[in-house]
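**Student:** Those sequence lines, one after another, are chains L and W.
Everything in the first sequence is counted per this note's numbering, starting at -3 for the first residue and increasing by one.
Everything in the second sequence is counted per this note's numbering, starting at 540 for the first residue and increasing by one.
Derived from the structure by calculation, the hints contain no laboratory data.
We put the CB at the ideal spot given by N, CA and C, even for glycine.
Be careful, since some hints might not be right.
[To be verified] One-sided and incomplete, this derived list gives chain L residues near chain W with beta-carbon spacing under 7 Å:
#1 A86
#2 A87
#3 S91
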Amino acid sequence: QSVLTQPPSASGTPGQRVTISCSGSRSNIGINSVSWYQQLPGTAPKLLIYSVNQRPSGVPDRLSGSKSGTSASLAISGLQSEDEADYYCAAWDDSLNGVVFGGGTKVTVL
Amino acid sequence: EVQLLESGGGLVEPGGSLRLSCAASGFTFYNYAMTWVRQAPGKGLEWVSSISSSGSTYYADSVKGRFTISTDNSENTVFLQMNRLRADDTALYYCAKVGETGSYSANDFWGQGTLVTVSS
């Protein structure tokens, strides 16, 4: 059971917009920044979003992050076949004094 | 170019020990915090431990008292000493560099991982 809760799966057709939610609590998402990672099969995770809505160099702007209260979201616009991957949210948790991850969401492009 | 190369994984019996290493290059190592994250076969990501640039350490409850993170700034290397290993420690262990914000949840570069298998 992960501290951050994500839906196990999400899907869409090419060109659609897909949103992945990440639900936490005051001690993590409520007061700390949120990061999002993409993990393609057989590869290491890749940082997509940090500080809720900032993108590292090279991450396309069709990916965006947001936060409201104790929940965060990752939106993928203009869905492409290359977006098929597992996505994870993460945040520091002040109560646990450590990083917590969501359980991951598998995105399928139909 | 930032590179992180993990080593030291392998097969170990329950109760045994392993020391993982992560050799870093392409950035000023001593200025950045570092993190270990693991992934059990077919499972999600699990944070294991982080160390700040000043040497402060943080551990997941599941490894506290058994694992120790450390760095050698002269060798640009971060270590994870793992003692009293259990079957549920079996995982691919990733080394990651903490990004410019200093937030331990925002790791901007990752290694390819080293596999630890705990089994008799």
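**Student:** Okay, which hints does this one fail, numbers in order?
**Tutor:** 3
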